[in-house]
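Number of protein chains: 2
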Amino acid sequence: MLGRVNHIAIAVPDLKAAAAAYRDTLGAAVSQPQALPEHGVTVVFVELPNTKVELLEPLGEASPVAAFLDKNPSGGMHHICYEVDDIILARDRLVEAGARVLGDGQPKTGAHGKPVLFLHPKDFFGTLIELEQA
Amino acid sequence: MLGRVNHIAIAVPDLKAAAAAYRDTLGAAVSQPQALPEHGVTVVFVELPNTKVELLEPLGEASPVAAFLDKNPSGGMHHICYEVDDIILARDRLVEAGARVLGDGQPKTGAHGKPVLFLHPKDFFGTLIELEQA
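Sequence lines, in order, name chains A and B.
Oh and the first sequence: position 6 is 6 in UniProt numbering, straight run, nothing missing.
Oh and the second sequence: position 60 is 60 in UniProt numbering, straight run, nothing missing.
It is worth saying that the hints were derived from the structure and are not from the lab.
Beta carbons: idealized from backbone N, C-alpha and C, even for Gly.
Treat the hints with care, as some may be off.
To be verified - A short, non-exhaustive set of chain A residues, derived as facing chain B with CB atoms under 10 Å:
#1 Ile8
#2 Ala28
#3 Pro49
#4 Val53
#5 Leu55
#6 Met77
#7 Lys114
#8 Phe124
#9 Phe125
Please model the entire structure based on the sequences and the hints provided.
What follows is the structure, encoded as structure tokens:
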């Protein structure tokens, strides 16, 4: 069921400084910051040869990464996104296996314009998993 | 400088249960557990099309993931490993840029038999970064 790792998301308190560290210190190709107000984040994409890292900074009042940064003020790894062929099939299989889907269980349109779901980190050993229909 | 994401490492308190969740619930191909006493972990490889996830369980008294699990008893994302072409060149560039290499600054032989270094998470917004010579 799990396909490619689409991205690894890292929450950071200072997106400009984090993008500079990945570009200048680590020598990676980084995008310009993109504000995604409907997702409550500003994102910088770090392009690697086989996948990407997404640096996320909270945007607005109800950001999904704000609580994480309250607990981890320096930042940290926030979630892993895996691609799946059919998100409804994946969801139904996961729910049948006893895994909890966050929210109302319906896929939402994610930051890349594709249907996504998040799985409860307690069901996967502390890791927040995002599934994105490829 | 940063090349492929070689792996994403996830520390777990119960490797057997975690491997079963990735295999049976998430439908991924997982390896048999491999004890790596010289690295203080037992590892299960989760093979994805473009990279891999490594599930790590502490092994022995001085495991590098034991303190992480004390702080995060359910488990969690532990580090990201990026490939580099020349680990000495990468280290020298990083040190010149002010980044801190963990330990004595000399590459060690990592779990895949290749030279590796770890970078201080405080220099990279809470993310522990491993570099592995490809």
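Less than 10 Å between beta-carbons is the criterion; does Leu55(A) satisfy it with respect to chain B?
Because about 8 Å separates Leu55(A) from the closest Cβ in chain B, which is inside the 10 Å limit, the hint holds.
Closest C-beta approach of Met77(A) to chain B relative to 10 Å, hint status:
4 Å, holds
Does Lys114(A) meet its interface restraint, that is, does its C-beta lie within less than 10 Å of any C-beta in chain B?
17 Å, violated
Hey, does the Phe125(A) contact hint survive, CB to chain B under 10 Å?
At 4 Å from the nearest chain B Cβ, Phe125(A) passes the 10 Å test, so the hint holds.
The hint names Phe124(A) as touching chain B; please verify it with the least Cβ-Cβ distance against 10 Å.
6 Å, holds
Per-residue hint verdict: Val53(A), partner chain B, C-beta under 10 Å
8 Å, holds
Proposed interface contact between Ile8(A) and chain B, which counts if any beta carbon pair is under 10 Å
6 Å, holds
Please verify that hint: Pro49(A), Cβ, nearest Cβ of chain B, below 10 Å or not.
5 Å, holds
Restraint: Ala28(A) near chain B, CB-CB cut 10 Å. Satisfied or not?
4 Å, holds
Violated hint for the displayed structure: number 7, the only one.
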